Amino acid sequence: MKTQYTIAIAGNPNSGKTTLFNNITGSHQHVGNYPGVTVDKKEGRCEHKDTALKFVDLPGTYSLTAYSIDEVVTRNFILNDKPDLIIDVIDTSNLERNLYLYTQLIELEVPVMLAFNMADVAKARGLKLDMKLLSSLLGAPIIETVGNKNKGTQALLDAALKFIKSTEKSSPPDILLGRYIEESIAVIICRLKKHTAITNERKLRWTAIKLLEDDKEIVEKIDNQSIYEFVQAQQKSIEFMLGDSAEMLIADHRYGFISGAYHETVRATIETRHTNSDRIDEIVLHRVWGVPIFLGLMYLLFWLTFTVGTPPMEWLDALFSWIGNSISHTWSPDFMPAMRDLVINGVIKGVGGVLVFVPNIILLFLAIAMLEDSGYMARTAFIMDNLMHKIGLHGKSFIPLLTGFGCTVPAIMATRTLESRRDRLTTMFILPLISCGARLPIYTLIIAAFFPPVWRAPILWGIYLSGILLAILLAKLLRKSLLKGDSVPFVMELPPYRRPTLKGLFLHTWEKAWLYIKKAGTVILGVSIILWALTTYPKTEVDHTLPVEQQRAIQLSNTFAGRVGRAMEPAIKPLGFDWKIGTAMIGAFAAKEVFVAQLGIVYSVGESDENSIPLREKLAKAYSPLVAICIMVFMLIATPCMATIAATRHESGSWGWALFQLGGLTALAYVITLIIYQVGSLFVT
Amino acid sequence: MSNNSHTLSASLENYLEVIYLLIKENRVARSKDIARKLQINSSSVTGGLQSLRSRGLINYEPYEFITMTDEGREIAANVVHRHNTLKEFFMDVLSINEEEAEENACRMEHGISKNIVNRLMDFAHYFKTCPNAGVQWEESIGYSCNNSVKRGRCCIKCMVEENAGKRSGNRSNGFAAGGHTSTLDKLNPGESGIIESISGKSAIKRRIRDMGVTNGSSVEVIRVAPMGNPIEVKVKDYHLSLRKDEAADIVVHTQDATEKR
Numbered sequence: 242m243k244t245q246y247t248i249a250i251a252g253n254p255n256s257g258k259t260t261l262f263n264n265i266t267g268s269h270q271h272v273g274n275y276p277g278v279t280v281d282k283k284e285g286r287c288e289h290k291d292t293a294l295k296f297v298d299l300p301g302t303y304s305l306t307a308y309s310i311d312e313v314v315t316r317n318f319i320l321n322d323k324p325d326l327i328i329d330v331i332d333t334s335n336l337e338r339n340l341y342l343y344t345q346l347i348e349l350e351v352p353v354m355l356a357f358n359m360a361d362v363a364k365a366r367g368l369k370l371d372m373k374l375l376s377s378l379l380g381a382p383i384i385e386t387v388g389n390k391n392k393g394t395q396a397l398l399d400a401a402l403k404f405i406k407s408t409e410k411s412s413p414p415d416i417l418l419g420r421y422i423e424e425s426i427a428v429i430i431c432r433l434k435k436h437t438a439i440t441n442e443r444k445l446r447w448t449a450i451k452l453l454e455d456d457k458e459i460v461e462k463i464d465n466q467s468i469y470e471f472v473q474a475q476q477k478s479i480e481f482m483l484g485d486s487a488e489m490l491i492a493d494h495r496y497g498f499i500s501g502a503y504h505e506t507v508r509a510t511i512e513t514r515h516t517n518s519d520r521i522d523e524i525v526l527h528r529v530w531g532v533p534i535f536l537g538l539m540y541l542l543f544w545l546t547f548t549v550g551t552p553p554m555e556w557l558d559a560l561f562s563w564i565g566n567s568i569s570h571t572w573s574p575d576f577m578p579a580m581r582d583l584v585i586n587g588v589i590k591g592v593g594g595v596l597v598f599v600p601n602i603i604l605l606f607l608a609i610a611m612l613e614d615s616g617y618m619a620r621t622a623f624i625m626d627n628l629m630h631k632i633g634l635h636g637k638s639f640i641p642l643l644t645g646f647g648c649t650v651p652a653i654m655a656t657r658t659l660e661s662r663r664d665r666l667t668t669m670f671i672l673p674l675i676s677c678g679a680r681l682p683i684y685t686l687i688i689a690a691f692f693p694p695v696w697r698a699p700i701l702w703g704i705y706l707s708g709i710l711l712a713i714l715l716a717k718l719l720r721k722s723l724l725k726g727d728s729v730p731f732v733m734e735l736p737p738y739r740r741p742t743l744k745g746l747f748l749h750t751w752e753k754a755w756l757y758i759k760k761a762g763t764v765i766l767g768v769s770i771i772l773w774a775l776t777t778y779p780k781t782e783v784d785h786t787l788p789v790e791q792q793r794a795i796q797l798s799n800t801f802a803g804r805v806g807r808a809m810e811p812a813i814k815p816l817g818f819d820w821k822i823g824t825a826m827i828g829a830f831a832a833k834e835v836f837v838a839q840l841g842i843v844y845s846v847g848e849s850d851e852n853s854i855p856l857r858e859k860l861a862k863a864y865s866p867l868v869a870i871c872i873m874v875f876m877l878i879a880t881p882c883m884a885t886i887a888a889t890r891h892e893s894g895s896w897g898w899a900l901f902q903l904g905g906l907t908a909l910a911y912v913i914t915l916i917i918y919q920v921g922s923l924f925v926t
Numbered sequence: 326m327s328n329n330s331h332t333l334s335a336s337l338e339n340y341l342e343v344i345y346l347l348i349k350e351n352r353v354a355r356s357k358d359i360a361r362k363l364q365i366n367s368s369s370v371t372g373g374l375q376s377l378r379s380r381g382l383i384n385y386e387p388y389e390f391i392t393m394t395d396e397g398r399e400i401a402a403n404v405v406h407r408h409n410t411l412k413e414f415f416m417d418v419l420s421i422n423e424e425e426a427e428e429n430a431c432r433m434e435h436g437i438s439k440n441i442v443n444r445l446m447d448f449a450h451y452f453k454t455c456p457n458a459g460v461q462w463e464e465s466i467g468y469s470c471n472n473s474v475k476r477g478r479c480c481i482k483c484m485v486e487e488n489a490g491k492r493s494g495n496r497s498n499g500f501a502a503g504g505h506t507s508t509l510d511k512l513n514p515g516e517s518g519i520i521e522s523i524s525g526k527s528a529i530k531r532r533i534r535d536m537g538v539t540n541g542s543s544v545e546v547i548r549v550a551p552m553g554n555p556i557e558v559k560v561k562d563y564h565l566s567l568r569k570d571e572a573a574d575i576v577v578h579t580q581d582a583t584e585k586r
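Just so you know, the protein sequences line up as chains G and W, in that order. All you need for this note's numbering is the position in the first sequence, starting with 1, plus 241. All you need for this note's numbering is the position in the second sequence, starting with 1, plus 325.
Hints in this document: simulated from the structure, not taken from any laboratory. Don't take every hint at face value.
Which bits of chain W does chain G cover? Going by a derived footprint, with three or more residues having C-beta under 8 Å, they are [what the hints assert, rightly or not]:
#1 548–556
#2 564–572
Computed cross-link-like contacts, BS3-like style, restricted to lysine-lysine with a CA-CA straight-line distance of at most 27 Å [said to hold, decoys possible]:
#3 Lys323(G) - Lys477(G)
#4 Lys526(W) - Lys364(G)
#5 Lys631(G) - Lys559(W)
#6 Lys290(G) - Lys323(G)
#7 Lys462(G) - Lys323(G)
#8 Lys392(G) - Lys406(G)
#9 Lys462(G) - Lys435(G)
#10 Lys725(G) - Lys569(W)
#11 Lys357(W) - Lys721(G)
#12 Lys477(G) - Lys457(G)
#13 Lys457(G) - Lys526(W)
#14 Lys392(G) - Lys403(G)
#15 Lys390(G) - Lys369(G)
#16 Lys290(G) - Lys369(G)
#17 Lys526(W) - Lys725(G)
#18 Lys403(G) - Lys390(G)
#19 Lys477(G) - Lys444(G)
#20 Lys631(G) - Lys526(W)
#21 Lys569(W) - Lys631(G)
#22 Lys282(G) - Lys435(G)
#23 Lys462(G) - Lys526(W)
#24 Lys373(G) - Lys403(G)
#25 Lys559(W) - Lys369(G)
#26 Lys477(G) - Lys526(W)
#27 Lys295(G) - Lys744(G)
#28 Lys717(G) - Lys362(W)
#29 Lys526(W) - Lys721(G)
#30 Lys511(W) - Lys631(G)
#31 Lys282(G) - Lys759(G)
#32 Lys569(W) - Lys717(G)
#33 Lys282(G) - Lys364(G)
These numbers come from a predicted model, not from an experiment. Ideal placement from N, C-alpha and C gives every residue a C-beta, glycine not left out.
Only chain G is shown next, with the shape it has when bound in the complex (with noise of 0.2 Å):
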C-alpha cells in the first residue's frame, strides 16, 4: 500500500536547510558518507498520509559547478539517484543569490519545487512577494516556510506529496543565454550527439552548457579531445565576440533572469540600511575590539569544555572503575585468570580511558555548534584569516587548531568546515603538535621532578610555544611541497546572525559526539587489546615474597613491551633514553597520559599519577635535566595516540594520509630530540 518516495533537500548553505530537514524527519535520521568522500551524508525518513517518504540532506552550496566535493557530491547524487522530487530551500530574505542555485537545479531534469524560508525575516524587513506571480515565472511550486518555528512544515509535506503524485510535471522555464551562446550550445549538442551516447534533450544541454563553463568533471567524462577543441574553439569565439568568459557570461543570465523575476514581484516597502545583525557585527568585528571579544569568547569555549566539563568526566572516571572493581571482585581469579585481565586491565582501561573525556566532547562540540549555528563561526574565520593565511592556511583551520588544546581527536572531526582537502590535510597533520590536554600530565610529572619552581611556568610555556612554532613550520613546509598549491579563496559568506535551535544544538552535538563514543568501541577497543596483550605477555614467574609494586616491574619488563623497549634501547640511547622510557612510550600510544602510568609500573611505585612524590624522587635520581628536556620535546612531537591515527584515517579517508602522519611525526621528533640530547650534551656533563 506504501510506495517509497526520495526527496533531496538542497540549498546554499545558511538558508536553513537542515532545519527545515530536523523538522521535518525529527531524530529518524542518521549520518552516514558519500562512497569515496568524507562528506556528510544525512538521511532521515518519515511518513505522510500513509506514504513513506525518505529525506536526503544535501551538503549546502551556492552553485553546481565542479568547485568543491560538496557541489560535485550533490550533483552527482542529482544525475545518479534521480530522487523523486528536489526541495530548493530559499532565505527569503536572500532571494537573489539563493535563486542561482535553482536555474541549476531546474537543468538537471529533476522535479524541483521551492520551500522559500525565514519568510518572517523577509516580512520583517519589508519585503512583500507575489508569490503567485514568482511561482509561475520560476516554474515551480512555493511554500513559504519558518524553520526556526517549525512553521509551514506540514504545508510543505502535503505540496511535496502532490508534486510527485500529480501526473502533470511543471515545466520549469528554459533561461536563454543569449543568442550567441544559443548558438554555440546547439553546435556543441550537434558534436555531443555524434560522438556521445547521450540522447536525452535536456542532459545534451546540461553537458553543453557544462563543458562550455569549463567544467572539469564534465570534460573528464566525455573524455574526447576532438569535442574538446571544439568547445575551447566555441569558447574564444564567444569571448571575442562578447569580450567576457564563457562561463562569466553564462553566469551573468541565469543571474539576469533571476533579477527580472525578482524586480517583478518584490516589492521593498521600508528601506533598512541597518540590520540587528549589522548593529552586532559592529561591535564585533571592531578594529579595535573585534579580537579581544573573539579572544574572550575562546577563553569561555574552553573554560566551558575543560572547568565545567572536569566534574563529570571524574564521575565517568569513578564509574569505570567501580565497574573494574566490582568485576574484579565478582570475577573468581581462578575463573579464566587471562579473560579477567584483559576485561579489567585491557577493555574497561582502555576503552574507559578514551570514553571518560565524552563529557569534555559533548561541551566542546555544543559550544561549536553555538557558534556555527549563531553566525559567529564565519566571524572567527574573517578576524584570524590574516593570520592563518601567513602560514598557508584558511581563516577557518583557527577553531580546529584551538580546540586540539584539549584534545586532537575532536579537533581533527572539526577540520571538517574546511572546504579546501589540502587545506584539511595540513590541519590535520599538524594538529598533534598543538599539545593536547592528555600530555599535561606528562609534563606536569616532569616539569616538577626537575625543575625548581621558578622555572616550572616558563617551561611549560616553552614546551606549548614550540609545538606551536613547530606546527606552523610544518604547515609552510607541507604546502610548499606535499600539498602544494594554490590557496583556496577565502570568499565566504558571512551570515547574519540567528538564534540557534535548541533541537539543533542537540542535533549538531550528538552528532559528533556519537562519532566519537563509536571510535572507542570499534578502533580502540581493538588498539587497547593488543598494548593490553603487549605489555601482559608473556608472564614471568615472580617471587611472591617480594613487594606486589616489584613483582609487577618484574612481569613488565619482560613482557613484550618490555622487551622491545629493551630491543629499542640502542636506537633510543642516542636520544638520552633508556629501555624503561622506551617501555613507557609504548603505552603512551593508547593514550598519551597512560606514559605517567607505565613509568609508575616500571619503576614500581604502583599505581601514579602526576602528582606522586615517590616517582618524581626516582626519576630524578634516573636522569638528568637534559633527559628531562627531551622527554618533553619527543612527547610533544612524536607519536599521535592511537585515537588521533584513527581519526586522521576516518577524516583523509586514507590510511596512506593517517601512518605518514604517525611515521612523520615520529621521525621529526627523534631528529629533532636527537640534536637537542646531543648538542646539550656538549654543554652540561
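Put chain W on the given structure of chain G with help from the hints.
Using the frame of chain G, we list chain W on its own:
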C-alpha cells in the same frame, strides 16, 4: 576593347600580363622569356602570341621583339591591377602568407569583376587606415585587434567605446558616464560601486560569480577585518568577505568620484 576582354581566356590574360610585366622590366619581351615565366615550352608560346596578335592586342612577328597595342596594354594593366589588389587583400586583410596569396591571386584575377575589385581595394585601404589597426588572425580565435581598449572586443564595439571615451574626456575606460574606475580592494569602508569586470584565476572568479558577484551588480565595502586583511562587502543584499588580493581582481566603477578627495 570590352568585347575582347570578355572573351579573353584565362591563359591569354596570363600571356598579356607576362608580356606587360616583361616590357615594364626589360623594355622588351621575347618569346623565350615568356615561356620561362609561364613555365611552358616556347613552341606553345608561339600559338598564344599568334592568337593575341589576331585580336589586335600585340605586335608580333617571329624572331622579333614583342610590343603591345594600346588596347592590349590597357587590358594587361587591368589584370595586373586585379592581381595586385587581390594579393594585397589576402596578405593585409586576411593575413595570408605571400606565397599562398600570390598563387591564389593568380587564379582569381581572371574571373572577377571590376566593381568587386574596386570594393576590395577600398576595403583594404579603409582597413589599413582604420584607427584600430593591428588586426591579427589567430588560429581558432579568428580576427582580433590587439590595439583596442579591450583585447578581444570586435572592432565596431571598441570604436563605439573609444568614441564614447573621447566624448567623456576619459580615454582610458570604456564607460560613457563620468566617474572613477578602481579595484574593489582600494575602496574605503562605506564606499560603493558597480562591478565592471572580474579578472584573475578562474577558480576564484567562478566562486565569486556563483556567490552573486557578477558584472553590473553593485557592491559596497562594509569594513576591514580587525587584523587588516579580509574585507567585508555587501553585494545582492548580503555580506561577503574576501581577501584584498582577491578583491584586487574586481574592477569597480564608482559614481561618487567627485566626493573622493
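Here is how each hint holds up against the structure:
Restraint check on the segment 548–556 of chain W versus chain G: 8 residues with Cβ-Cβ distances below 8 Å, three needed, restraint holds. Closer than 8 Å: that is the beta-carbon criterion, and the segment 564–572 of chain W has 6 residues meeting it against chain G, so the requirement of 3 holds. Between Lys323(G) and Lys477(G), the direct Cα distance comes to roughly 34 Å. Violation of the 27 Å bound is thereby established for this hinted pair. For the hint linking Lys526(W) to Lys364(G), the alpha-carbon distance of about 39 Å lies beyond 27 Å, and the restraint is violated.
The straight-line distance between the Cα atoms of Lys631(G) and Lys559(W) is roughly 26 Å, inside the 27 Å bound, and the hint therefore holds. Among the hinted pairs, Lys290(G) with Lys323(G) is consistent with the structure: their alpha-carbon atoms are about 23 Å apart, no more than 27 Å. A hinted pair counts as satisfied when its Cα atoms are at most 27 Å apart, and Lys462(G) with Lys323(G) qualifies at roughly 19 Å. Under the criterion of a C-alpha separation no larger than 27 Å, the hint pairing Lys392(G) with Lys406(G) is consistent with the structure, at around 23 Å.
A threshold of 27 Å between alpha carbons decides the hint, and for Lys462(G) with Lys435(G) the separation of about 16 Å falls inside it, so the pair holds. For the suggested pair Lys725(G) and Lys569(W), the alpha carbons sit about 22 Å apart, so the restraint of at most 27 Å is met. The suggested pairing of Lys357(W) with Lys721(G) is violated, with an alpha-carbon distance near 75 Å, which exceeds 27 Å. Between Lys477(G) and Lys457(G) the alpha-carbon distance is near 17 Å, which keeps this suggested pair within the 27 Å criterion.
Between Lys457(G) and Lys526(W) the alpha-carbon distance is near 15 Å, which keeps this suggested pair within the 27 Å criterion. At most 27 Å may separate the alpha-carbon atoms for a hinted pair to count; Lys392(G) and Lys403(G) meet this at roughly 19 Å. Proposed proximity of Lys390(G) and Lys369(G) is supported: the alpha carbons are some 20 Å apart, at most 27 Å. The hinted pair formed by Lys290(G) and Lys369(G) fails the criterion: a straight-line CA distance of about 33 Å is larger than 27 Å.
Distance check on the hinted pair: Lys526(W) and Lys725(G) sit about 16 Å apart at the alpha-carbon level, within 27 Å; holds. Under the criterion of a C-alpha separation no larger than 27 Å, the hint pairing Lys403(G) with Lys390(G) is consistent with the structure, at around 24 Å. Distance hint between Lys477(G) and Lys444(G) is fulfilled; the C-alpha atoms sit about 24 Å from each other, no more than 27 Å. For the suggested pair Lys631(G) and Lys526(W), the alpha carbons sit about 20 Å apart, so the restraint of at most 27 Å is met.
As the CA atoms of Lys569(W) and Lys631(G) are separated by approximately 14 Å, the hinted pair is consistent with the 27 Å bound. Taking the CA atoms of Lys282(G) and Lys435(G), the gap is near 37 Å; set against the 27 Å cutoff, the hint is violated. Between Lys462(G) and Lys526(W), the direct Cα distance comes to roughly 23 Å. Compliance with the 27 Å bound is thereby established for this hinted pair. For the given pair, Lys373(G) sits about 17 Å from Lys403(G) by alpha-carbon distance, which is consistent with the 27 Å threshold.
At roughly 21 Å between alpha-carbon atoms, Lys559(W) and Lys369(G) fall within 27 Å of each other, so this suggested pair holds. A hinted pair counts as satisfied when its Cα atoms are at most 27 Å apart, and Lys477(G) with Lys526(W) qualifies at roughly 17 Å. Between Lys295(G) and Lys744(G) the CA atoms are separated by roughly 20 Å; this keeps the pair inside 27 Å, and the hint holds. Of the supplied pair hints, the one linking Lys717(G) and Lys362(W) is violated, its CA atoms being roughly 73 Å apart against a limit of 27 Å.
Restraint check: the Cα-Cα separation between Lys526(W) and Lys721(G) comes to about 19 Å, which is no more than 27 Å; the hinted pair holds. Straight-line distance between C-alpha atoms of Lys511(W) and Lys631(G) comes to about 21 Å, which keeps the hinted pair within the 27 Å bound. Proposed proximity of Lys282(G) and Lys759(G) is supported: the alpha carbons are some 17 Å apart, at most 27 Å. Taking the CA atoms of Lys569(W) and Lys717(G), the gap is near 21 Å; set against the 27 Å cutoff, the hint holds.
Under the criterion of a C-alpha separation no larger than 27 Å, the hint pairing Lys282(G) with Lys364(G) is inconsistent with the structure, at around 33 Å.
Going down the numbered hints, you'll see the structure goes against 3, 4, 11, 16, 22, 28, 33, while the others check out.
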